[in-house]
Amino acid sequence: MKCSIKLFAGIRETIGAQDVSLDIYPGMTALECREKLAQSYPLAADLIRTSRLAVSNAFVLDEDPLIADSSIELALIPPVSGG
Numbered sequence: 001m002k003c004s005i006k007l008f009a010g011i012r013e014t015i016g017a018q019d020v021s022l023d024i025y026p027g028m029t030a031l032e033c034r035e036k037l038a039q040s041y042p043l044a045a046d047l048i049r050t051s052r053l054a055v056s057n058a059f060v061l062d063e064d065p066l067i068a069d070s071s072i073e074l075a076l077i078p079p080v081s082g083g
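Numbering-wise (the working numbering), the sequence shown opens with residue 1 and increments by one.
For the record, the hints were derived by calculation from the structure and aren't laboratory data.
Do not take every clue at face value.
[Unchecked claim] Cβ pair distances, simulated, as ranges: (1) Pro26 / Val80: 27 to 37 Å; (2) Glu73 / Pro26: 17 to 27 Å; (3) Lys6 / Glu32: 11 to 21 Å; (4) Asp19 / Pro42: 11 to 21 Å; (5) Lys36 / Glu73: 17 to 27 Å; (6) Leu43 / Ile77: 27 to 37 Å; (7) Asp23 / Ala45: 13 to 23 Å; (8) Lys6 / Glu35: 10 to 20 Å; (9) Glu35 / Ser4: 16 to 26 Å; (10) Ser40 / Ala9: 10 to 20 Å; (11) Leu31 / Lys6: 27 to 37 Å.
The structure presented is a predicted model; accordingly, all values stated were derived computationally and were not measured.
Glycine included, each C-beta is placed from N, C-alpha and C at the ideal position.
Using the sequences plus the hints, can you model the full thing?
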């Protein structure tokens, strides 16, 4: 199932889009999702691999399976720093 993933900060700038579409299959984990994105967007791969995936405004763990449902909101949040 195709799902839209919102992008932020450096990932958004590197890819040049506010969101991307990705095929999510039943049982796909957050880690597998990020890896599939990294392979699709090699210029942003390092940022993607160090980012966190959020599902409906809550971060998920790498091993958490994603729900293949186009109504859920996915977002890729890169690491942040500051003071």
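For this session: Identify every previously stated hint that the structure contradicts and give their numbers, smallest first.
Result: Hints 6 and 11 contradicted; others consistent.
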